[in-house]
Amino acid sequence: MPVISLTVNGNPVTADVEPRWLLSRLLRDHLGLTGTHVGCDTSQCGACVIHVDGKPVKSCAMLAAQADGAQITTIEGLAQKGKLHPMQEAFRDNHALQCGFCTPGMVMMSVALATEQPDLDEPAVRKGLEGNLCRCTGYQNIINAVMVGAKAMRG
Amino acid sequence: MEKYGIGQPVRRKEDVRFLTGTGTYIDDIKPDNLIHAVVLRSPHAHAKILDLDTSEAETMPGVLCIVTGKDWVAEDFQPMPTKSAVNKKIDGTPLNQPPRHAIAIDRVRYVGEPVALIVAETLVQAQDAAEVVEVDYEELEAVTDQIKALEPGAPQIWDDIEGNFCIDFELGDKEGTGKAFETADHVVKLKLRNQCVTAAPIETRGAIASYDKDTGKYFLQNATQNVHANRDTFASVLKIPSEDLHHMAPDVGGGFGAKNSGYPEPSLLLYAAKKTDRPIKWIGDRNESFAADTHGRDQATTVEMALDKDGMFLGLRTRTVGNIGAYCWTVGPFTPTGGSARTQGGPYYIPAMHYTGIAAFTNTMPLDPYRGAGRPEGSFQIERIVELAARELGMDPVELRRKNLMPADSLPRKTPMGLDVDTGNFPEVFERTLKMSDRAGFAKRFEESARKGLRRGFAIAPYLECTGGGPKEFAGVKFGKDGSATLRVGSMSTGMGQETSMPQILSDTLGIDFEKITYVQGDTDATPIGGGHGGSRNMEVGGSAVLQCAREVLVKAKQLAAHLLNSNADDMELKESVFTDVKTDQNVSMADVVAASFDQSRLPDGMEAGALDTDTIFEREIISCPNGCHSAEVEVDPETGTVQVEHMWIVDDFGTIINPMLADGQVMGGVAQGLGQALMEEIVYDEDSGQLVTGSLMDYALPRADSMPKMEMAFYEDAPTAKNPLGVKGSGEAGCCGAPPAIVNAVLDALKEDGVTHIEMPLTPEKVWRAIQDAKQQGA
Numbered sequence: 192m193p194v195i196s197l198t199v200n201g202n203p204v205t206a207d208v209e210p211r212w213l214l215s216r217l218l219r220d221h222l223g224l225t226g227t228h229v230g231c232d233t234s235q236c237g238a239c240v241i242h243v244d245g246k247p248v249k250s251c252a253m254l255a256a257q258a259d260g261a262q263i264t265t266i267e268g269l270a271q272k273g274k275l276h277p278m279q280e281a282f283r284d285n286h287a288l289q290c291g292f293c294t295p296g297m298v299m300m301s302v303a304l305a306t307e308q309p310d311l312d313e314p315a316v317r318k319g320l321e322g323n324l325c326r327c328t329g330y331q332n333i334i335n336a337v338m339v340g341a342k343a344m345r346g
Numbered sequence: 004m005e006k007y008g009i010g011q012p013v014r015r016k017e018d019v020r021f022l023t024g025t026g027t028y029i030d031d032i033k034p035d036n037l038i039h040a041v042v043l044r045s046p047h048a049h050a051k052i053l054d055l056d057t058s059e060a061e062t063m064p065g066v067l068c069i070v071t072g073k074d075w076v077a078e079d080f081q082p083m084p085t086k087s088a089v090n091k092k093i094d095g096t097p098l099n100q101p102p103r104h105a106i107a108i109d110r111v112r113y114v115g116e117p118v119a120l121i122v123a124e125t126l127v128q129a130q131d132a133a134e135v136v137e138v139d140y141e142e143l144e145a146v147t148d149q150i151k152a153l154e155p156g157a158p159q160i161w162d163d164i165e166g167n168f169c170i171d172f173e174l175g176d177k178e179g180t181g182k183a184f185e186t187a188d189h190v191v192k193l194k195l196r197n198q199c200v201t202a203a204p205i206e207t208r209g210a211i212a213s214y215d216k217d218t219g220k221y222f223l224q225n226a227t228q229n230v231h232a233n234r235d236t237f238a239s240v241l242k243i244p245s246e247d248l249h250h251m252a253p254d255v256g257g258g259f260g261a262k263n264s265g266y267p268e269p270s271l272l273l274y275a276a277k278k279t280d281r282p283i284k285w286i287g288d289r290n291e292s293f294a295a296d297t298h299g300r301d302q303a304t305t306v307e308m309a310l311d312k313d314g315m316f317l318g319l320r321t322r323t324v325g326n327i328g329a330y331c332w333t334v335g336p337f338t339p340t341g342g343s344a345r346t347q348g349g350p351y352y353i354p355a356m357h358y359t360g361i362a363a364f365t366n367t368m369p370l371d372p373y374r375g376a377g378r379p380e381g382s383f384q385i386e387r388i389v390e391l392a393a394r395e396l397g398m399d400p401v402e403l404r405r406k407n408l409m410p411a412d413s414l415p416r417k418t419p420m421g422l423d424v425d426t427g428n429f430p431e432v433f434e435r436t437l438k439m440s441d442r443a444g445f446a447k448r449f450e451e452s453a454r455k456g457l458r459r460g461f462a463i464a465p466y467l468e469c470t471g472g473g474p475k476e477f478a479g480v481k482f483g484k485d486g487s488a489t490l491r492v493g494s495m496s497t498g499m500g501q502e503t504s505m506p507q508i509l510s511d512t513l514g515i516d517f518e519k520i521t522y523v524q525g526d527t528d529a530t531p532i533g534g535g536h537g538g539s540r541n542m543e544v545g546g547s548a549v550l551q552c553a554r555e556v557l558v559k560a561k562q563l564a565a566h567l568l569n570s571n572a573d574d575m576e577l578k579e580s581v582f583t584d585v586k587t588d589q590n591v592s593m594a595d596v597v598a599a600s601f602d603q604s605r606l607p608d609g610m611e612a613g614a615l616d617t618d619t620i621f622e623r624e625i626i627s628c629p630n631g632c633h634s635a636e637v638e639v640d641p642e643t644g645t646v647q648v649e650h651m652w653i654v655d656d657f658g659t660i661i662n663p664m665l666a667d668g669q670v671m672g673g674v675a676q677g678l679g680q681a682l683m684e685e686i687v688y689d690e691d692s693g694q695l696v697t698g699s700l701m702d703y704a705l706p707r708a709d710s711m712p713k714m715e716m717a718f719y720e721d722a723p724t725a726k727n728p729l730g731v732k733g734s735g736e737a738g739c740c741g742a743p744p745a746i747v748n749a750v751l752d753a754l755k756e757d758g759v760t761h762i763e764m765p766l767t768p769e770k771v772w773r774a775i776q777d778a779k780q781q782g783a
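Taken in sequence, the protein lines are chains A and B. Per our numbering, the first sequence starts with residue 192, numbered consecutively. Per our numbering, the second sequence starts with residue 4, numbered consecutively.
Looking at chain A on its own, in the form it has when it is part of the complex (with noise of 0.2 Å):
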């Protein structure tokens, strides 16, 4: 099995990983970062996104063997000393999650659209969130959150 060496949330992490391996695979199993969900098996729902190198990547479409030397960030390493990022406080305070199974994906997206565009406006949320399927609600109330929380993050 081929050796892989990362970071993952701040933490060097070393793993055996086989080579079928998918990266939600690794987290959730043999990191025990099971923040990040998975929801489908064709690359359509989002839920197990996650920044690889900063950049937002469905880690169900990624093998664990790629991520060698990669730096991964998880919704599990997006709060800071016990205080939520901007993005999560927005998601609290809109009502931008319910059952809470999409949300891990919806977050991670959100900050790397904000990351990505500065002068993110609403109909670029709704593009930017078309790989990110919610059943729960209606979208509105994320696309109010991601406004609020990107406005947070520019200061």
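Each hint should be verified, as a subset may be incorrect.
What the hints assert, rightly or not - Covered by chain A, according to a simulated footprint, are these stretches of chain B (three or more residues, beta-carbon under 8 Å):
{"#": "1", "stretch": "17 to 25"}
{"#": "2", "stretch": "193 to 206"}
{"#": "3", "stretch": "489 to 500"}
{"#": "4", "stretch": "618 to 627"}
{"#": "5", "stretch": "672 to 686"}
{"#": "6", "stretch": "697 to 708"}
The hints are simulated quantities; they were obtained by calculation from the structure and are not laboratory data. Predicted model, so just to flag it, every value in this text is computed and none were measured. Built from N, CA and C at the ideal position, the CB exists for glycine as well.
Following the hints, position chain B against chain A.
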């Protein structure tokens, strides 16, 4: 306490763990010694199992156990029960109910039916072994459409059930309705479908089963909406006492009805867990979710309306044929019969009504409740026929609706369908919705669309629905010496936020610290009974149980407070967490009363330590009637058939609102699923082979962020119901009742100049485009 009181948009307790990735869903649980299972499912819609050979699979690496129908026969395990409230045919004989085993015995009747459970040390080993299980099938002819299933000569799904007929049902005044049609000036008739859809929660189903051979007890953790009823189902299958099965639901990632049922897989897992003496996990994949989660709707309906010359409604006649799939599932036969009948006619005053519902077997995954379970179908039926009536009579659809709504002073009223409509103000809710809808600006927006070559349309759809689900609910509270409280309730949230709203009721009534309330749900060991979730009952029945429990605590707390102050319980007033003697002005805090309840020296005679701990059961007598009104403005591109819902306006009468933020969330989520049904979602089976065509998220479209309109919402709160102590009417399913007719009628309004009068859901671009082309040809 006001900050956390009833009516406040309190931020959710559960959000912190969901937002930080520390929630515990079924697949996040990893007991020691865990092994894994996969379900081998039927690839055929209808086939005999001639032979099932597991010998090679059993020798594969890591394989521990394979369960098949042979085990089920050898163990004499029982079929799963069906509990349809409508269970007798019109002629009085019982419904045709074939045995529903957890695993196929000698025949398969739908694609996805479990044929074997393969258990191995690892998931991959189980998957590999499943590949080499050899099943010799003899394919049989299949039928997946309920109308065709009822035709003479259709393939017979059950040897002893003639014509695939499950049950028929009627409600209302057949003769009186017939007379209304005879004397009517106008009769309007429409054939329509509520297509087959599925809940598709983002978390698929899954479970972990284990067995303790020392105690003889089973433990099942399960992504379910209903632990008690399903515990009883699994126990009856395995022929064990219910108390030998501890059933718990962890955090559940959405349900919408599809996690209500007692499914086959848990019984298979429990049996295998005992055989292997190891905890076993099964997590369904997305394809299994589409194939083997219960489906919803799927009704083919003829609806007829009788009107007088002024457009007043005289009669409504509805005949529905519902698909229930290959088996009677948990309550499957109820939806197209009683479930769809009750709210027929919506909020309109219709003197004579008659409903006929038939449930038919087909070779599809069985149907069971999906968000609304019959009421969305009924709402769509009445709103489509009203829209068509307006068109055929040349009347303004808004005006036709306005003049036929039940007047406020007609309530309370029992409708011809026997629905007890106690409170509400349908005309007021309708006018408020219309006022929000910016009708004055429509002409300008219409012109703007027209300049771009686009059509614009508007429709308004008032709805009346009702609650359902189990009428009884348990609530219990236990206090801690530090003033904390643990609240246990038998109803449960799969995302709706009861971990927040239930403590709100307790905190509001008792003045105890909201932050110190721990909420427990979904555990058969924590509550003696529990109705789980379904039929928008959480707040109506569960919330009422919490209020009743809190009020019983309050009686005892007043006695204790009076004892501490040496005064009378009747003189105690609780305000801002402090009991005050209204005569002497002496006071004692609720926190101190709770502390005193653990100190025998401070208790009056007859009270024991822990005296405030209270368990109660609330029972609903009559179901509630949530109602409201949706309106929609849409833009349609006639060149591509694409529909964009631009804006929706919604006023709901849910009675008392406990947490408006959560109630808004319920509305918007329901609208999204309603929009999905209106525009894009459909479970499709191949007509000849019975294969599931829409088996993945690549084939079954769910609404995305850019599919959704701007939604503006308001609540009408002036008509709380007296049917329960909270005055709530239920909010969970309303969005699915209002949105589909509002959206579909708005699209047809946009296309009225094109001559399009009807399009079957879902209104995909292709169907819309074809409807325009067909109308063009007919007009030419």
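message: At least three residues with a C-beta closer than 8 Å to a C-beta of chain A: is that true for the stretch 17 to 25 of chain B?
response: holds (count 9)
- prompt: Counting residues of the stretch 618 to 627 of chain B that have a beta-carbon nearer than 8 Å to any beta-carbon of chain A, does the count reach 3?
  reply: Our answer is that it is violated, as 0 residues pass the Cβ test (under 8 Å) against chain A, missing three.
query: Does the stretch 193 to 206 of chain B contain three or more residues whose Cβ lies closer than 8 Å to a Cβ of chain A?
result: Holds: 5 residues of the stretch 193 to 206 of chain B have a Cβ under 8 Å from chain A.
task: Report holds or violated for chain A covering the stretch 672 to 686 of chain B, Cβ cut-off 8 Å, minimum 3 residues.
output: As far as the stretch 672 to 686 of chain B goes, the hint holds, because 5 residues have Cβ atoms under 8 Å from chain A.
Coverage criterion applied to the stretch 697 to 708 of chain B (partner chain A; beta-carbon cut 8 Å; 3 residues): holds (count 7)
- request: Three residues minimum, CB to CB under 8 Å: does the stretch 489 to 500 of chain B make the cut for coverage by chain A? Let me know.
  value: Per the Cβ count (4), the hint holds.
Comparing the model with each numbered hint stated earlier shows that hint 4 is the single one that does not hold.
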